[in-house]
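Chains as they are written, first to last, in UniProt numbering: chain H, 1 to 584; chain V, 1 to 584.
No lab work stands behind these hints: they were computed from the structure. Keep in mind the model is a prediction, meaning the values are calculated, not measured. Just so you know, not all the hints are guaranteed correct.
Which copy? The list can't say, so a pair holds if one copy fits it or any two copies do.
PhoX-like cross-link-like pairs, simulated, lysine-lysine; straight-line CA separation at most 20 Å [claimed, not checked]: (1) K296 with K307; (2) K221 with K58; (3) K143 with K58; (4) K468 with K426; (5) K396 with K122; (6) K296 with K312; (7) K252 with K123; (8) K307 with K221; (9) K122 with K252; (10) K287 with K382; (11) K252 with K345.
There are 2 protein chains.
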Amino acid sequence: MRKMTVFQRFSRTFRDNPSLGKMLIVFTVSGGGLVAYSEAKADGGIHAVNPSEVDVKKKRVVVLGTGWAGTSFLKNLSNSSYDVQVISPRNFFAFTPLLPSVTCGTVEPRSIVEPIRNIVRKKNVDVHYWEAECFNIDAANKKVYCRSHLGGDVNSKEEIIVDYDYLVISVGARSNTFNIPGVAENCHFLKEIEDAQKIRRTIVDCFERASLPNLSDEERKKILHFVVVGGGPTGVEFAAELHDYVTEDLVKLYPKAKEAVKITLLEATDHILNMFDKRITAFAEEKFQRDGINLKTGAMVVNISDKEITTKEVKNGGAVSTMPYGMVVWSTGIGTRPVIMDFMKHIGQGNRRVLATDEWLRVEGCDSIYALGDCATINQRKVMEDIWAIFRKADKDNSGTLTVKEFQEVLSDICERYPQVGLYLKSRQMKSLVDLLKDSSGDAVKESIEVNLEEFKLALSQVDSQMKNLPATAQVAAQQGSYLADCFNRMEKCENNPEGPLRFRGEGRHRFRPFRYKHLGQFAPLGGEQTAAQLPGDWVSIGRSSQWLWYSVYASKLVSWRTRALVISDWGRRFIFGRDSSGI
Amino acid sequence: MRKMTVFQRFSRTFRDNPSLGKMLIVFTVSGGGLVAYSEAKADGGIHAVNPSEVDVKKKRVVVLGTGWAGTSFLKNLSNSSYDVQVISPRNFFAFTPLLPSVTCGTVEPRSIVEPIRNIVRKKNVDVHYWEAECFNIDAANKKVYCRSHLGGDVNSKEEIIVDYDYLVISVGARSNTFNIPGVAENCHFLKEIEDAQKIRRTIVDCFERASLPNLSDEERKKILHFVVVGGGPTGVEFAAELHDYVTEDLVKLYPKAKEAVKITLLEATDHILNMFDKRITAFAEEKFQRDGINLKTGAMVVNISDKEITTKEVKNGGAVSTMPYGMVVWSTGIGTRPVIMDFMKHIGQGNRRVLATDEWLRVEGCDSIYALGDCATINQRKVMEDIWAIFRKADKDNSGTLTVKEFQEVLSDICERYPQVGLYLKSRQMKSLVDLLKDSSGDAVKESIEVNLEEFKLALSQVDSQMKNLPATAQVAAQQGSYLADCFNRMEKCENNPEGPLRFRGEGRHRFRPFRYKHLGQFAPLGGEQTAAQLPGDWVSIGRSSQWLWYSVYASKLVSWRTRALVISDWGRRFIFGRDSSGI
Numbered sequence: 001m002r003k004m005t006v007f008q009r010f011s012r013t014f015r016d017n018p019s020l021g022k023m024l025i026v027f028t029v030s031g032g033g034l035v036a037y038s039e040a041k042a043d044g045g046i047h048a049v050n051p052s053e054v055d056v057k058k059k060r061v062v063v064l065g066t067g068w069a070g071t072s073f074l075k076n077l078s079n080s081s082y083d084v085q086v087i088s089p090r091n092f093f094a095f096t097p098l099l100p101s102v103t104c105g106t107v108e109p110r111s112i113v114e115p116i117r118n119i120v121r122k123k124n125v126d127v128h129y130w131e132a133e134c135f136n137i138d139a140a141n142k143k144v145y146c147r148s149h150l151g152g153d154v155n156s157k158e159e160i161i162v163d164y165d166y167l168v169i170s171v172g173a174r175s176n177t178f179n180i181p182g183v184a185e186n187c188h189f190l191k192e193i194e195d196a197q198k199i200r201r202t203i204v205d206c207f208e209r210a211s212l213p214n215l216s217d218e219e220r221k222k223i224l225h226f227v228v229v230g231g232g233p234t235g236v237e238f239a240a241e242l243h244d245y246v247t248e249d250l251v252k253l254y255p256k257a258k259e260a261v262k263i264t265l266l267e268a269t270d271h272i273l274n275m276f277d278k279r280i281t282a283f284a285e286e287k288f289q290r291d292g293i294n295l296k297t298g299a300m301v302v303n304i305s306d307k308e309i310t311t312k313e314v315k316n317g318g319a320v321s322t323m324p325y326g327m328v329v330w331s332t333g334i335g336t337r338p339v340i341m342d343f344m345k346h347i348g349q350g351n352r353r354v355l356a357t358d359e360w361l362r363v364e365g366c367d368s369i370y371a372l373g374d375c376a377t378i379n380q381r382k383v384m385e386d387i388w389a390i391f392r393k394a395d396k397d398n399s400g401t402l403t404v405k406e407f408q409e410v411l412s413d414i415c416e417r418y419p420q421v422g423l424y425l426k427s428r429q430m431k432s433l434v435d436l437l438k439d440s441s442g443d444a445v446k447e448s449i450e451v452n453l454e455e456f457k458l459a460l461s462q463v464d465s466q467m468k469n470l471p472a473t474a475q476v477a478a479q480q481g482s483y484l485a486d487c488f489n490r491m492e493k494c495e496n497n498p499e500g501p502l503r504f505r506g507e508g509r510h511r512f513r514p515f516r517y518k519h520l521g522q523f524a525p526l527g528g529e530q531t532a533a534q535l536p537g538d539w540v541s542i543g544r545s546s547q548w549l550w551y552s553v554y555a556s557k558l559v560s561w562r563t564r565a566l567v568i569s570d571w572g573r574r575f576i577f578g579r580d581s582s583g584i
Numbered sequence: 001m002r003k004m005t006v007f008q009r010f011s012r013t014f015r016d017n018p019s020l021g022k023m024l025i026v027f028t029v030s031g032g033g034l035v036a037y038s039e040a041k042a043d044g045g046i047h048a049v050n051p052s053e054v055d056v057k058k059k060r061v062v063v064l065g066t067g068w069a070g071t072s073f074l075k076n077l078s079n080s081s082y083d084v085q086v087i088s089p090r091n092f093f094a095f096t097p098l099l100p101s102v103t104c105g106t107v108e109p110r111s112i113v114e115p116i117r118n119i120v121r122k123k124n125v126d127v128h129y130w131e132a133e134c135f136n137i138d139a140a141n142k143k144v145y146c147r148s149h150l151g152g153d154v155n156s157k158e159e160i161i162v163d164y165d166y167l168v169i170s171v172g173a174r175s176n177t178f179n180i181p182g183v184a185e186n187c188h189f190l191k192e193i194e195d196a197q198k199i200r201r202t203i204v205d206c207f208e209r210a211s212l213p214n215l216s217d218e219e220r221k222k223i224l225h226f227v228v229v230g231g232g233p234t235g236v237e238f239a240a241e242l243h244d245y246v247t248e249d250l251v252k253l254y255p256k257a258k259e260a261v262k263i264t265l266l267e268a269t270d271h272i273l274n275m276f277d278k279r280i281t282a283f284a285e286e287k288f289q290r291d292g293i294n295l296k297t298g299a300m301v302v303n304i305s306d307k308e309i310t311t312k313e314v315k316n317g318g319a320v321s322t323m324p325y326g327m328v329v330w331s332t333g334i335g336t337r338p339v340i341m342d343f344m345k346h347i348g349q350g351n352r353r354v355l356a357t358d359e360w361l362r363v364e365g366c367d368s369i370y371a372l373g374d375c376a377t378i379n380q381r382k383v384m385e386d387i388w389a390i391f392r393k394a395d396k397d398n399s400g401t402l403t404v405k406e407f408q409e410v411l412s413d414i415c416e417r418y419p420q421v422g423l424y425l426k427s428r429q430m431k432s433l434v435d436l437l438k439d440s441s442g443d444a445v446k447e448s449i450e451v452n453l454e455e456f457k458l459a460l461s462q463v464d465s466q467m468k469n470l471p472a473t474a475q476v477a478a479q480q481g482s483y484l485a486d487c488f489n490r491m492e493k494c495e496n497n498p499e500g501p502l503r504f505r506g507e508g509r510h511r512f513r514p515f516r517y518k519h520l521g522q523f524a525p526l527g528g529e530q531t532a533a534q535l536p537g538d539w540v541s542i543g544r545s546s547q548w549l550w551y552s553v554y555a556s557k558l559v560s561w562r563t564r565a566l567v568i569s570d571w572g573r574r575f576i577f578g579r580d581s582s583g584i
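Could you put together the complete structure from these sequences and hints?
Written out as structure tokens, the structure reads:
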């Protein structure tokens, strides 16, 4: 029970002093003090490690990708008994939450990136980086096949085969076009630095095109019609940034454009920002209306030609309408990368849409492969699947019934192994499983409770409804990376002293505590120095103060002092000189 | 004589107090107080000006290009009686002397550009900008034909035809490949912002490629062999910047590369920087040797394949040798753009290599077309061509001989119309033409000199040897731009009160003084915080102090306070954090 109490005390303090929450966020620089850890097998042998390059005693860890998850793993890895190979087509880490700012020049692309070699340079761990892209994962032989996209004439050797003892897959996701015709060809995406740079050039190009002589008003309006598809945080932030860019900077230089420019935000559901609190959604929708951003909800895109975008209303009999555009930015959701799809087929996950891992981030069916970040989801174990095993383990005297005492002994292990149990109790305002049993078994006196398997099953039957997939955010990926690094750091120690919960379907304990996500809040910048923030404990803040909170959090979360200084100076430049509109 | 005296006094002050020169340079923010002006005809009528957009009474000036010459013209134009159309494929002005710094990330590309719309925004002159490229100049009908390269579907209207009353051609030059096979396909150039960005990415790519596994030492050396062709200021500065980038920043992140990297500078003549003082050349060559930059002079490039560069020695029987490379930067010289070549054919200059203008920057043979900057040269009038007309004009009493009095009356006009006369006198340390006549006519008493045409011819026969083409530098282009703007500003005033020299082959005076270039000095940054500076009066400074002079001059010359602040903060960033090596 200690844990629940701590949580409640924390939660109360938080609610009573919202400013404390602010402080907490501001000073939480890294993914932050997780108290959950994981198990990992250590039976990987040494295969085909090149002895000339690497100490043969060291285990080789191959990390694919240099995004949030991979970089967080590398930053937190401190056990020098590994030989680490990082393979990624990008030799830098990009602070993606600032990508929408890059599209409009509020922040320069180079200010939000840090070379991965710089990040790992001063570590006590051997880390080598190769700029290449993995195109095949051979789990059976513990090899990954990579290809370098760098120019040059080393064609004969462009394929690189790397052996691993442990593989960490953190390749992220791709933008999802949902196979809608014309999306891939005609839309801009917003996942990579290059995407943001391209969008920036295209915005300026549109304004230049609209300034050419001999255009009709209609053509000018068409060129200056910017469409954003997807009302999630990225799409909303981009639309808001674009609106600021246009009204604060571009109209000064392109006075004629003022009347013609139009921004449309398309969203298939009824509201934008629907993962946020309703107050935030309402505020955002009102603000966009005031700003003149054309909000079209309940409309699905069905086709995009090079000139027009066709939408179909979700309700009202599915009325189809078409509008011409100058630029479309597609920001609807993510999909699985081809290399992961192939890998899933090989390991028997071919019928799934996303790569599944267990709660320790191990890919299901592959002992020495871990997957984190947007490329995987944690396939949480259901209580109902294990209910019999749990009952057997708890019922130490094999009496066929559980007493309160027996129950309390396994309680914390159950809550740790199946976090949905804790969430369920919290949502029902119960303090312990005993309450739950009491609740389901009527008015029996607490001391005398003794339940059989069927009653136990009934009591826990609703628990699994609390299970939710984690959102595909930078925050989750970063926490997973640092969690996994921590497991790797203490691999041997925890081998001897396992710290995880009881194995209900086996002997002994799990080596590590399972991964537990700690939500630190989320921002939705709405333009005009207004930001909505939703912090833990349903604390919602909207307005200028949240904008400053946003500035502080993002500045503090940046990966290095260099990027921190650059981003802050970029903000300063923007305040003083505005955003640049050169076509480069 | 007044003018010579001023010059000499200035020159003496300068030599006695070199620090004064420094101050002068530091505080000379713009192209600087020229005292020479030009004539321009004002007979252009109004053709096909679109009356809905433009006040029909205003004369339409079309400016092609937004480089040094065009932008300097626009910045200095202040007469609101013109309607100005600027047409250029780049919607910004780039401070090109800092391009070599951009190649290595010492300065960010965006810091050295300023949108042309921003530059002309607050002017009292109507200036419109169109992002398009001129592909045909029709001097007969006073029209230019342009094409927009902006994407989009306005194909049917991509061709834009613009009428002009005055045309200002300032499209600059292209890089000259001298038709050497493989240069266009395999080399990087260094003329545009995009070139510098590409070079930067390629440098980092080369280092990443060289870090891939399974490469032989030989292949690694080949990939890290950077070749710079051309020992002029740009090539030398790039080689020096690259050396600094490698030794100060890249070797920290790519420790294995240290031994393999090699920089080679190829120059066809015997020395690099041969337009500079010999002391500077010697210092630069020594410094490069110390730095380990491989200097290969007297070697012409004859072929460049995708892997190797073939050179031929100019002396020693033309020995041919071949070396593999990772990247080649081509920085040898400039050539005429195709649109100007076509234009030259149409106006009868087809047999020339460069477009010729007169001393007032008017294209020869076209009254209302001006050409400035790198796309044209001033075809200076020879004294010998006009010697008879000069004699006739001076000999007012038609006596067939010139007296001292007659002579002194036309003296300043001769010096102004034919600047080579002044240079000749200066080089011979003579104070006036009278000295020259004395010199050539022996010991005749000054007062009694009276020369006939033949004697006069003889005295001036060596004068034309002083004629030199102006260098293709930003300094010349900027001075020409501001000179021409000044002429346009005072067009009407000077129509009534011509201020130019006597017309020797006609009646009256020229409307404006001819363009006169004022050399303010030149820098050659040599890396490692060492710069060579050659200032007027043969004042040479080499070392750290010149580097600071360089910083101050370049900072002060930047086009706006925004770019000034950005470049200075970029320098600061570099000092603190080093240069970035992300592959973006």
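* To do: Could you tell me which of the numbered hints above are not met by this structure, giving the numbers in increasing order?
  => 2, 5, 10 and 11
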